[in-house]
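Residue-level listing of the chains:
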Amino acid sequence: MPDDRVTGRLLRAIAVLAFVAALASVPLFAGKFVIYLAMRVMILGIFALGYNLLLGGTGLLSFGHGAFYAAGAYGLGFFSLHLSPNPLLGVAAGIAAAMLLALLIGFFSVRSTEIYFAMLTLAFGMMVFSLIWNARDITGGDDGLIGIMRESIPLFGGVKISISQDSRYYFLVLFFFLLSFWAVHRIRNSPFGLVLAGIRENAKRTEFAGLAVRNYRLAAFVISGAFAGLAGSLETLLESNARPFMAHWTHSAEPVLVSLLGGIQTLTGPVVGSILFVAMREIVQRFTENWMLWFGIVLLVIIMGFRGGVVGVVRQLADRARGPRGG
Amino acid sequence: MQSIVHVCLAGLSSGMFIWLVASGLTLIFGVLGVLNFAHGSFYMLGAYFSYTVLRHLFPNFWLGLLLGPLCVCAVGFVVERFFLRYVYRLALPYQLLLTFAFVLIFDNLVKIVWGAGSLTPPDIGFLAGSVPILGRKFPVYNLFIIGVGPLVAVALWLALERTWAGRIVRAASSDREMASAIGVRVPALYTGVFVFGIWLGALGGGLAVPYVGLLTPGMGETIIIEAFIVAVIGGLGSLKGAFLAALVLGVLSSFGTRYFPAFDMFLTFILMAAVLLVRPQGLFGDAR
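As they're listed, the protein sequences go chains A and B.
Those letters in the first sequence? Residues 1 to 327, by my numbering.
Those letters in the second sequence? Residues 1 to 288, by my numbering.
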């Protein structure tokens with residue numbers, strides 16, 4: 001029914017616009033703390049959106065994406081401390097560093113799949129962690145890389161945009177978040193994204209169809225690494241430091257948890273998951289120190305009962321409310 | 001020469017703990033097909049339960065080692081029977097994250113029950129002191145650990161290869177449906193194997209109490225990574241591989257700590273990556 005499709009598209013456009021407007025108006029009415037939390041949500045969202053291109057897209061479970069996050073963070077850190085304090089160039093340097101590292105690690109890892117892929121990426125990720133941890137002279141060891149300033153963004157004609165205030169930096173994060181969301185949406189619906197889905201459903205058949213499965217996996221790995229690097233560099237600008245624990249495997253598990261919380265097979269799942277993750281952490285930490293315990297219990301409930309994640313459950317409910325459909 | 005021998009011995013004793021944890025991990029993977037992230041947490045629970053027995057009930061090493069891990073087995077039973085059992089058919093991320101949820105839960109529970117700080121085990125005087133080896137002192141307890149590791153390995157091998165129960169476990173691990181068809185109660189067997197694997201890890205924790213000197217709520221997270229590495233290098237599911245890999249890794253990281261202190265962790269990961277690149281299925285794993 002074409003009418004339905006048009007209304008559907010219109011509704012979706014309105015929803016997206018409302019979402020963007022709501023996000024853009026946060027600094028107008030919200031306090032400092034909420035602005036800060038909203039940035040953490042968007043940064044985690046970028047990390048998880050990119051990660052989900054790999055997990056939801058190809059079915060590969062990586063436990064090493066913290067390494068690319070850290071590469072973005074330290075890439076930006078080194079660039080702004082030693083070369084130029086321009087934040088945009090710094091972010092570009094962070095993404096480039098993350099992509100290079102992802103290309104290197106991915107080249108070795110995508111030969112394996114399933115559990116061996118998970119273990120290989122875990123090992124490589126922890127290798128990066130121990131390098132950062134031990135190379136104290138260069139990386140600052142467990143103190144991390146500190147004193148990274150949030151300089152103004154120079155535009156043409158000598159105009160500069162200051163982002164030193166959180167309420168201004170917010171818009172840079174928002175810009176990158178929307179850009180990432182749009183990019184991931186485009187990638188998922190591109191021919192490339194369809195090949196990835198084919199690999200997830202049946203790698204052998206995709207191979208027989210004449211596609212170089214390994215190259216596609218590597219490409220997805222590097223692209224998701226780029227998003228991790230972007231998220232890492234944005235966090236470094238926000239917190240003005242880069243820490244070795246960004247590369248630790250427990251941090252690599254975060255985008256997996258977030259994707260699962262929101263729903264793996266959906267575009268919005270990682271974003272919804274990020275909101276829930278950050279909100280839950282803040283709320284639980286306000287009442288009790290035992291945030292890990294409660295998060296573990298929520299995770300158990302989701303895995304045992306609601307494997308579609310929050311977005312999946314909502315969709316199911318919506319479908320049920322709409323009643324049985326033809327076709 | 002003297003220092004090389006000592007570094008080797010230290011490496012062997014630390015390798016034995018990794019072996020005890022990795023043996024349970026690889027046994028569970030071999031039979032159930034689940035990689036248990038929470039295995040390090042069971043090791044930690046074994047240590048804390050044994051500590052409690054030693055401190056508050058009986059200051060006797062053997063009783064602590066017997067009762068502590070037994071309590072952990074009860075926890076393991078609950079985990080398998082009421083949770084893990086329902087995810088065997090699911091995709092890998094769900095299985096891994098289910099066990100990861102238990103890592104979060106157990107680590108936090110330990111902090112609630114025993115406190116977030118570190119605990120010093122009571123001095124029960126078991127095998128305290130040291131003996132001179134090549135003119136330098138070496139703790140007796142570490143020698144005891146070096147003896148226990150191979151003992152467990154031989155006992156495991158005999159149990160799996162020479163007993164009726166071992167034969168059933170091997171049958172179920174190579175073909176679940178066929179085993180079920182000839183009358184093996186596979187679900188019960190899975191529970192049994194899981195609890196036994198947990199017992200091995202908890203035994204390592206119990207043995208670690210006099211060895212590590214300090215119990216901390218994060219002690220499971222370090223050893224689980226080492227046990228993963230060992231299980232993967234040896235080939236997931238292969239006990240022989242896990243044993244050899246634990247020895248190699250223990251000695252290698254002992255040398256690393258002694259001679260390249262900045263890169264001891266790094267060496268371990270290089271070793272794992274190198275083995276997996278040449279033999280993705282590990283040293284003794286089946287090519288699947």
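Hints were generated in silico from the structure; no laboratory data involved.
Each hint should be verified, as a subset may be incorrect.
[What the hints assert, rightly or not] Have a look at the derived ranges for each label pair, beta carbon to beta carbon:
hint	chain 1	residue 1	chain 2	residue 2	range
1	B	60	A	245	35 to 45 Å
2	A	88	B	2	55 to 65 Å
3	A	190	B	258	47 to 57 Å
4	A	241	B	278	36 to 46 Å
5	B	278	A	175	53 to 63 Å
6	B	177	A	20	36 to 46 Å
7	B	212	A	245	40 to 50 Å
8	B	140	A	85	55 to 65 Å
Ideal Cβ placement from N, Cα and C applies to all residues, glycine included.
Right, here's what the structure says about each hint:
1. A beta carbon spacing of about 40 Å between residue 60 of chain B and residue 245 of chain A agrees with the range 35 to 45 Å that was offered as a hint.
2. For residue 88 of chain A and residue 2 of chain B, the Cβ-Cβ distance of about 59 Å falls inside the hinted range of 55 to 65 Å, so the restraint holds.
3. A hinted range of 47 to 57 Å holds for the C-beta pair residue 190 of chain A and residue 258 of chain B, which are about 53 Å apart.
4. Checked against the hint of 36 to 46 Å, the C-beta distance between residue 241 of chain A and residue 278 of chain B comes to roughly 39 Å, which is consistent with it.
5. At roughly 45 Å, the beta carbons of residue 278 of chain B and residue 175 of chain A sit outside the given window of 53 to 63 Å.
6. Separation of residue 177 of chain B from residue 20 of chain A is about 53 Å and departs from the stated range, judged on CB atoms against 36 to 46 Å.
7. At roughly 23 Å, the beta-carbon separation of residue 212 of chain B and residue 245 of chain A lies outside the given 40 to 50 Å, and the hint is violated.
8. The supplied range of 55 to 65 Å is met by residue 140 of chain B and residue 85 of chain A, whose beta-carbon atoms lie about 59 Å from each other.
Violated hints, listed in ascending order, are 5, 6, 7; each of the other numbered hints is respected by the structure.
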